[in-house]
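Please build the complex by placing chain B on the supplied structure of chain A, with the hints as guidance.
Here is what each chain is made of, one letter per residue.
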Amino acid sequence: MSRRLTVVLLAMLVLVGAMSLKTVVVTHSDGSVIMANGGGPVPPTPWKNGGGPVPPTPWK
Amino acid sequence: MPGPLEYVLWFLCTPFEVLALVCAIKKKAITRYFFLNLYIVASLVASLGRYQILHRYGINSMEYVYFYYYSDALLTICLFFALMSLYSYVFAELNAERYVRLGALFLLSGTALFSYSVVQQSSSKLVTHFVVELSQNLYFVGLVLTYLLWGSIMKLRETRTRLIHMVLSLGVYFSLFAATYALRNLYPTMSSMLQALPPLIACFLPGAWAYAFWKVPEEARTVPARLATVPR
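Listed in order, the protein sequences are those of chains A and B.
For the first sequence, the positions run 647 to 706 when the working numbering is used.
For the second sequence, the positions run 106 to 337 when the working numbering is used.
Chain A extracted, bound-state conformation (with noise of 0.2 Å):
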């Protein structure tokens, strides 16, 4: 049982630390990690898997 907890709070800690790394990087970024909603062009984002142009967001 305290394995099963042990393995739940480091699962924890790790979406914890991965997501205060994605808000760091978006706050010190110019926008591009969040597909900005609203106008302007999407600039592409640095993760993108496969190959492909960028389209739009679909939520203009």
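Simulated from the structure, these hints should not be mistaken for lab results.
Cβ coordinates follow ideal geometry from the N, Cα and C atoms, glycine included.
Please note that the accuracy of each hint is not assured.
[Claimed, not checked] Examples of chain A residues toward chain B, derived with CB under 8 Å:
1) Arg-650
2) Ala-657
3) Leu-661
4) Lys-668
[Claimed, not checked] Examples of chain B residues lying across from chain A (beta carbon under 10 Å, computed):
5) Ile-164
6) Ser-166
7) Val-170
8) Leu-207
9) Leu-243
10) Val-246
[Unchecked claim] Derived DEER-like restraints, expressed as beta-carbon distance ranges:
11) A:Ser-648 with B:Leu-210: 14 to 20 Å
12) A:Arg-649 with B:Glu-324: 28 to 34 Å
13) B:Lys-260 with A:Ser-648: 17 to 23 Å
14) B:Ala-284 with A:Ser-648: 35 to 41 Å
15) B:Gln-225 with A:Val-670: 36 to 42 Å
16) B:Met-298 with A:Leu-667: 23 to 29 Å
17) B:Gln-226 with A:Val-670: 20 to 26 Å
18) B:Pro-322 with A:Thr-652: 33 to 39 Å
19) B:Gln-157 with A:Val-662: 21 to 27 Å
20) B:Val-150 with A:Val-654: 32 to 38 Å
Chain B alone, transformed into the frame defined by chain A:
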């Protein structure tokens, strides 16, 4: 529509993916590294699907937009499972596969919940917002997990060379994307030039895995360097 150079850069990745699959089949590593191969197949299918839809409907069509973002999210999920399968291999000797599965499930659900909590205020296209947000968040989770896995490999003195190759190539892949992104933010004037880098980086992962399947035998062993030198 993209120009000829963009097409060339885009489809430069496809031969590497095919090569990785051929090497995996030749070396009988398809089932052993199932999730890694699944990611390569999914990436190949996504590339071909994107090309078909782009060619038929155009870059600004909703068909292409939806296919692009949804396929990207699926690929990120596949990459997450590939990474978790590497965790399973590393922790197999500790009989911790059950806990790795539990952790993976918890992380995926946690990331999905977090993504939903971020996008729930969206008035329209909630599902699409959610899919894109989940894809972004999983990328960061994958990045952190890869570095943690490398730390575990060093700590556990993992010696399986092919496994080390796989994990390192994944780490380099994530890091190169992050570096390109950082460079683009630091030098916005070079943005157009740096845009050519992601398709080239995308070639790295299947290329490195193809090399690992072909050149590194399953039974090969390497001793990683110690984290710190202890004086005698």
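Can you give the numbers of the hints that this structure goes against, from lowest to highest?
Result: hints 15, 19 break, sorted rising.
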